[in-house]
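K.L.:
Sequence:
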Amino acid sequence: MERLQKILAGAGVASRRKCEELIQSGRVQVNGETVTELGTKADPAADVITVDGKTVGAQKKMYIVFNKPKGVITSASDPQGRKIVTDYLKGINERLYPVGRLDYDTEGLLLLTNDGEFAHLLTHPKHHVAKTYLATVKGVPHGTALDKLKNGIMLEDGMTAPAEVEYYDIDPEEKHATISITIYEGRNRQVRRMFEAIQHPVTKLKRISFGDLYLGNLKRGLYRHLTKEEVEGLIKLARTAGKPGNRPTPKKDK
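Using my numbering, the first residue of the sequence shown is number 1211, and each one after it goes up by one.
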């Protein structure tokens, strides 16, 4: 027996939080009876579970790493008709959804899955899963400015957690610099806002790792399936609540 929201998320219906909303709104039935109480348990092998009248069956779990280009929406749809990440998932018929987000102007590593429990585990704030970015900024921030980011800096939604920050590349004329920054939170546009706070706005932003998973040589606009070992590694990392201070220096792209 498992909690109903866990069964629904595991079947790829939606994220666990969204599945909880479906239950509370009376859209889920177990053996013909509407269930609205969170925590209700069911047996996916014996019970008939439906959402809006459609039977929920076992679904093969899928895990994708995608190199998102700039100018693509991290969403399953866009009313303005702009490119969305699933436009690039040719040959995949499963309904996948992003694990977290990358904003419209940010490129790089994005995970997609139909495993709601996996997505919830990696994005829950208490798990502190590291995400590393290369941020190209205007000018060259002094070490004291970077120290502010390392120690935590005040934004409009509160103080950030300590980050790992170091120089990655500096323009000889010092018109811009690329900084490697690893954060353990997932606030909206957080990296951009952190650099704006030290007066060095971001002109280009690329995520190169999520936990211990690196983008590597995956070309922009392409995807690949995660290996079983990679999936298990991310789950283990999230469950052990990764802590700052254990990240390797990111390798430069070739």
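If you are wondering where the hints come from, they were derived from the structure by calculation, not from laboratory data. Everything numeric in this text was worked out from a predicted model, so none of it was measured. There's no promise every hint is true.
Calculated pairs, DSBU-like style, for lysine-lysine (alpha carbon to alpha carbon, straight line, at most 35 angstroms) [to be verified]:
hint, residue 1, residue 2
1, Lys1251, Lys1264
2, Lys1446, Lys1429
3, Lys1336, Lys1348
K.L.:
Hints numbered earlier in the text: which of these fail when held up against the supplied structure?
P.N.:
The structure breaks none of the hints.
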